[in-house]
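Peer 1: Line by line, the protein sequences are chains A and B.
Here the first sequence is numbered in this note's numbering, starting from 1 and rising by one per residue.
Here the second sequence is numbered in this note's numbering, starting from 332 and rising by one per residue.
Some clues are possibly wrong.
What the hints assert, rightly or not - Here are some chain B residues pointing at chain A (derived, C-beta under 7 Å):
1. L396
2. P398
3. G399
4. T432
5. F434
6. G439
7. A440
8. F441
9. D442
10. V444
11. Y487
12. R615
Unchecked claim - Reference listing, derived: stretches of chain B covered by chain A, where coverage requires no fewer than 3 residues with Cβ under 8 Å from a Cβ of chain A:
13. 419-430
14. 452-464
For the record, the hints were derived by calculation from the structure and aren't laboratory data.
Yeah, the Cβ is synthetic: ideal placement off N, Cα and C, and Gly gets one too.
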Amino acid sequence: MIAARFVLGRLAGVLLVLLVVAAATYAIFYLLPADPARLSCGKPCTPENLQRAQQFLGLDAPWWGQLGQYLLGIVAGRTFGTGGGAIDCPAPCFGYSFQLSSTVTDLILQRLPVTASIAVGAAVLWFVSGVAGGTAAALRRGRLADRAIMTVAVAGVSAPAYLVGILGILLFGFALGWLPTGGYVPLTEDPLQWLLHLLLPWAALAFISAAVYARLTRAELLEQLSLDHIRTARAIGLSEPAVVVRHGLRNALIPVVTVFGLDLGLLLGGAVITEKVFSMQGLGSLLITSISSLDLQVVVGITQFSAFLVTAANLVVDLVYGVLDPRTVRR
Amino acid sequence: MSGEAGRREDAPGDVVLAIEDLTVTFDGDPVVDGVSAVLRRGRVLALVGESGSGKSLTAMSVLGLQPGDAVVTGAVRLAGEDLLQAAPARLREVRGGAIGTVFQEPAGAFDPVRTVGSRLAEAVQAHGPADGLPARIRGLLASAGLSDPDRTARSYPHELSGGQLQRAMIATAVANDPVLLIADEPTTALDVTVQAQILDLLRRLRDERGTAVLLITHDMGVVADLADEVVVLRRGRVVERGDVRAVLTVPQHPYTRELLASVPTTARTPDAEQPEEAPVAVLRAARVVHRRRGGEVRALDGVDLGIRRGEVVGLVGESGSGKTTLGRVLAGLVPLTSGAAEVGGTDVGAARGRRLRAVRRRLGVVFQDPASSLNPRDTVGRSIAEPLRLHSAARGPARAERVRELLDAVRLPADAAGRYPHELSGGQRQRVAIARALALGPDLLIADEPTSALDVSVQAAVLDLLEDLQQRYGFACLFISHDLAVVRRLAHTVVVLRDGRIVEHGPAATVLTDPADDYTRLLLAAAPVPDPARQAERRAAFQRLAAVR
Chain A
1 MIAARFVLGR LAGVLLVLLV VAAATYAIFY LLPADPARLS CGKPCTPENL QRAQQFLGLD
61 APWWGQLGQY LLGIVAGRTF GTGGGAIDCP APCFGYSFQL SSTVTDLILQ RLPVTASIAV
121 GAAVLWFVSG VAGGTAAALR RGRLADRAIM TVAVAGVSAP AYLVGILGIL LFGFALGWLP
181 TGGYVPLTED PLQWLLHLLL PWAALAFISA AVYARLTRAE LLEQLSLDHI RTARAIGLSE
241 PAVVVRHGLR NALIPVVTVF GLDLGLLLGG AVITEKVFSM QGLGSLLITS ISSLDLQVVV
301 GITQFSAFLV TAANLVVDLV YGVLDPRTVR R
Chain B
332 MSGEAGRRED APGDVVLAIE DLTVTFDGDP VVDGVSAVLR RGRVLALVGE SGSGKSLTAM
392 SVLGLQPGDA VVTGAVRLAG EDLLQAAPAR LREVRGGAIG TVFQEPAGAF DPVRTVGSRL
452 AEAVQAHGPA DGLPARIRGL LASAGLSDPD RTARSYPHEL SGGQLQRAMI ATAVANDPVL
512 LIADEPTTAL DVTVQAQILD LLRRLRDERG TAVLLITHDM GVVADLADEV VVLRRGRVVE
572 RGDVRAVLTV PQHPYTRELL ASVPTTARTP DAEQPEEAPV AVLRAARVVH RRRGGEVRAL
632 DGVDLGIRRG EVVGLVGESG SGKTTLGRVL AGLVPLTSGA AEVGGTDVGA ARGRRLRAVR
692 RRLGVVFQDP ASSLNPRDTV GRSIAEPLRL HSAARGPARA ERVRELLDAV RLPADAAGRY
752 PHELSGGQRQ RVAIARALAL GPDLLIADEP TSALDVSVQA AVLDLLEDLQ QRYGFACLFI
812 SHDLAVVRRL AHTVVVLRDG RIVEHGPAAT VLTDPADDYT RLLLAAAPVP DPARQAERRA
872 AFQRLAAVR
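For reference, chain B alone in the conformation it holds in the complex (with noise of 0.2 Å):
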């Protein structure tokens, strides 16, 4: 067995595993250049860094599961045995024995058609004798927090939700109880309530079992919550190390301070100017009921909400919250059950034909994933046009003048027009749907997570964008997030959405700093600031309010 490397004795603080001199590189190009890392027994070690900085590259040349076409030097010690060394035989005995691993996506991480108990028995039986393997299975499932491990291990990885799916993988990933935990994103696709909790239930792992916990994670509050150091990563080589207090309160790397401040954390909120007029999109007692076998679904209950002329409605809430929906309604994609949705006098949910079209006209919608809302076949240019060709009469040089004038104002350079989605970064994708957005200057733009999918220095940069655009333009903006900092960052009105019900609305100054909602406080609680002594208290809140409710 792999548990030579690491036993129970062990004294914390001794070395379970040494990262030294690790390159990666593909066709000679280094992805990962030269990182050494010290992980200890008791302690987490976040690999910082953005997309590209070869942080996820890195944990996976420790397992051996690189792409097929990396070349790895250096090496990788665990108790002295260089894995990369290592015979595959072997590298398979520390995958799950030694070593465990908690992926980002939960829902993509389970094969869809087996059960979550059988992903957690193949776990216990490649590492030696299952004997009472489902009496094991259920332990291991309650111990990860889930309330109740035979239903979970009965059920397909469709039937559970995204903070029950990340239990049971950490479940899987402590099941033969590992020396070292590797943790990459483990809460990047989950709800900030959520996202607590599995960061208490890592640390509950750190501190009971001494495992030590490699965290991968390009949030600087997950860091600041979590880690005991930090190593920063930039384009492959490390850029700053050492105690996480003191890198995230006295950062010396420029890179690292740069960081942190486009961590949108700033108490600012724009000033809550409103001109008396009336709004320009409007939702009087919405309903949207999905009928599903065996009962219905309220994806909203009841909404009012108005949202005027240059004002910016930041919509918040956790996933199944119905924020998502809300859009689609104004957007006149998703058909009201009952009540009424308004943009610019007319009501979307009965508009067909060319009214429903005018009233599109007059709508501009940013989806979180640029990747998937361009048109990959179309250049830049083609798609920025196509809602000028469908409803304006400009054509030829006064359309191509009018991309020209967008891609302007999304700060694209011109020739950018001639371009493909896929030669664009996700930041610069992002300003091209944004671009689309507003070709026809509409009234209302519904921007629906528009920087969850980019890495906070270039989210920072889109949302500085949106801000000057709206100052310029004026429109009124529906800005959905789940993320309360971005949030903070843009709107001037804030509506807090839960079981598709509104449970706070008010000026974003009064809602962000003193909610009245026990849950509006849960989420603030909930949300990570990247500074350790801070979050220590936020965290302390959050599980106070968390054992009211």
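Just chain A, with the same shape it has in the complex (with noise of 0.2 Å):
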């Protein structure tokens, strides 16, 4: 009862940063002097096909018109034009790019695989080495695991994706010949190939990330197993791994799996440069591309897709922490 009334809070809020992140978006690259209709209108761009290209993307309509038309056909679909030439865009629609001819729905599925291999691969590797370094650092806190570790992590927290990426291509690579250079294979073809493709993109992504984690893990693991209610649960007589992982480990994800949430809004950022590093197609260049050649539907599709992405995977921490701290639930 109360934990629902918790998820359907959430769920509320997560829609209402969607709706405002689409009026920003929306209002930012819309409202920009480059005007979508010119652009697509062609050259010579007579003002008569200018006035069909505006009535074509809907832009003759006011500002708010314009918005409500793009939020209604993320629900519903929309049609470009009319007549023979229309272009039906179904739902959910974030626009229509006519560089590629095609919807940015689709445009974003075809890549999304690369992105997402690449992503939650890493997502998930710099959490658990984060977590499981720091958990061994603080276990063996001033001993030479300890520092092996921290000294590790002090070089992750300081080098760059790019760096660590290039470097791992020309030893794995180039030098020794393991892993191939780049590239992407889709898990449904072959998923030895499309793992081999993707240890370097991952080790890449995650290295610095799994640096910060272990260093937060190790200083929270140490403050929680020095708390009295630690020195009470081995009064009572359990084994350490219990003491530790029961009572220590999950205290201090806490504050970890905060960070997380946060961390995931950033990774289609560092998921861009690593396709670029590896020479992936995958989302971030989609959107290079698209900002370059000022493809605003595409552009504004895809900052509307990954809001999308960082807001859900932000509920699914919510959920988590209400699972590790009962408290944000009940109260």
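Quick one: dock chain against chain with the hints and give me the complex.
Peer 2: This is the structure:
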């Protein structure tokens, strides 16, 4: 009952955030001096052609009407133009790229598997290795293992992703020849090649964050293990793993998970660089191309889509938070 | 199982645990130095001493829970078996098995993100098969005197009171029928009436189950109430031991005498000479209401109070009674929902900006924990000078001179100004806090439990100082405390607060010796005195009063 209210409250928050993001991105990109109608009307651009293009794109309506059409399109789909030349854009419609002659939704869906493979794999890798490394360091505080892990972590925090990526390609790709130097193979085609192609991108993208998480986990766990309730747990006769995992790590993870939620939002940015370094055709490279060619519908669509991903990820984090710390639910 | 170490058929008086020549050193420095003690079935042994005496470290070493860099020598024999030589697995068996432990701070002793019931479940499961676990948990909680064991088991620690949590911790400690219970300051964080109930519960465990209890405390009243034998520790060494009656009534060692003399129990109360002038601080029909989901909490509910110049008003009440809120209202830190609060004729609640600063100039506040109320990165001199910097024109040499004066007034050496809080003891830090509160020569001093975090002998010295300063400067003082003996020592007038209302208000001599209200009587009876015979009478009186309510 209380938990249901907690979830519903968070869901309402997500919808509100998405609405605000939609309005804001729409405003930023469509109020820019770059006129999408002029860009798509061809050369030479006669006033009649321009007007036709404006009508076609729905740009003749006032700004609130355009925004309304855009939002409605996400929910119900929309049609650009009328008659024989009309282009149908089914729901969820994030716009239509006249440069690439495709709906933005289709473009995103084509590129999504690449970026999702990179991002999800990297996130899992950095979370698991960061928390494991931090825990190991905390439990061997001041000893060799602690110093070794923290040294690697300092290196990780200070190394930019593209540098790690390029060094990885040089070492494992060219010098050792163990791993492919770039490109993407779909999971459905060849799972092994998919994995081999992704190992380096994952490592490159996860390295920095894993280092941050190791430091954070170490500090939080040491703090937790110094608390009274840990001493009480030992005095009850619990085994050391039970004390550390059940009572120490669980509490230590609460702030780590919070940071994880925020970091997921930055993941797309990281993926852009990684895709570039490893020459993969994902959402990041699509975004870069469409920004340089002023394909505004695509830019807005991807922004909106990534906002959706970020809020969805944060919703999940909030729910995990509720599991880790039931006090946030029962208040 | 660990049960061999003390079967139920053992006769009372059989040795359960023998601590022999226990020494704990850090970097070669002995913190516990050759302590020996014998615990017997059905008896309570109290380990008494001030902070740093090594009493808690002794108890933790019994369980092998001392800090990692400690070196422990000697022997701790549980039914003959030396626990100091025991393997880790065997020690885990003993912890929570043959030896149960109750700690000081019940709020921190439970994992904040797990229910109380899950802690009990763990305790049971760590030591063998957990048949009929829910019923066992319910039974344990009920036997610890919790009236709604099901609800308690489902609750998270923050949803329960300190007393309820301490009962639950005791239930956890006895979950596997231990032969020995280590109780490390089990009632220090609790209100007096709750303390009396917890002590009762421990007494019942001793009498009904024959559990031996190692009681660690600094409170001689608690010793008188519960202990059979006493061991007095000072700087890691045993200075005196013996039967509780003998030690508390005819102490042999000077340190024991000093400890007992420091306990503020004298019936002496300050002379009630009250100049008839307008009060410095006034509360009129003061109400503070906090709105919460599902209702409102009345922290203060129609309080009328006046504090005159030269008068010390002792404000007494249990946690949640609103006594801290009252102090904060006068300090202008908590707004009133209705009513009026005036200091020196200015309405504290309505004052803003410069007027509020003017009111605050006339106020000094001393809080409970000097360790956290002083900025650790400021020198003592800087901390004391801060109010001068904010509120007065004194600069340079004049300001330094004032700081010197203040340090002298609180009996600290002048060179203390250059030191940092962590270089001082708790008592010295509290003197710094008092000096800071007096820096501007306030009309009103609000002291919120200023001695609760201090050892008894230090507490006595700080109370002396406050009394002396108050007589010298003649400021009005609101002295907030849960400790009736401390209030008796200092206050001219006593106000008893309960659930945000004043239940009794009058001259200290009258209220503390011949109270008109039942609640005041209960509070008075609940506070233990360091004399076993008298304490037994008071306990009986408390139980009668508690039964009536």
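Peer 1: Each of the hints needs a verdict: does it hold here or not?
Peer 2: Each hint tested on the structure:
Given the 7 Å rule on beta carbons, the hint for L396(B) holds: about 6 Å separates it from the nearest Cβ of chain A. For the restraint placing P398(B) at the interface with chain A, the shortest Cβ-Cβ distance is roughly 10 Å, beyond the 7 Å limit, so the hint is violated. Below 7 Å, beta-carbon pairs count as interface contacts, and G399(B) has none with chain A, the closest being about 10 Å; its hint is therefore violated. The closest approach between the C-beta of T432(B) and any C-beta of chain A is roughly 4 Å, which is under the 7 Å cut-off, so the hint is satisfied.
Given the 7 Å rule on beta carbons, the hint for F434(B) holds: about 6 Å separates it from the nearest Cβ of chain A. Interface hint status for G439(B): upheld, as the beta-carbon distance to the closest one in chain A is roughly 4 Å, under 7 Å. The beta carbon of A440(B) comes within 4 Å of a beta carbon in chain A, closer than 7 Å, and the hint placing it at the interface holds. Here the hint on F441(B) is kept, as its CB sits about 6 Å from the closest CB of chain A, short of 7 Å.
Interface hint status for D442(B): upheld, as the beta-carbon distance to the closest one in chain A is roughly 5 Å, under 7 Å. With a cut of 7 Å, the hint placing V444(B) at the interface with chain A holds, because the nearest CB-to-CB distance is about 5 Å. Taken as an interface hint, Y487(B) checks out: its beta carbon lies about 6 Å from the nearest beta carbon of chain A, inside 7 Å. Using the Cβ-Cβ criterion of 7 Å, the hint placing R615(B) at the interface with chain A is not satisfied: the shortest such distance is roughly 35 Å.
Interface restraint, the region 419-430 of chain B with chain A: holds (6 residues with C-beta to C-beta distance below 8 Å; minimum three). Check on the region 452-464 of chain B: 4 of its residues sit with their Cβ under 8 Å from a Cβ of chain A, so the three-residue criterion for coverage holds.
Going through the hint list in order, the structure does not satisfy hints 2, 3 and 12.
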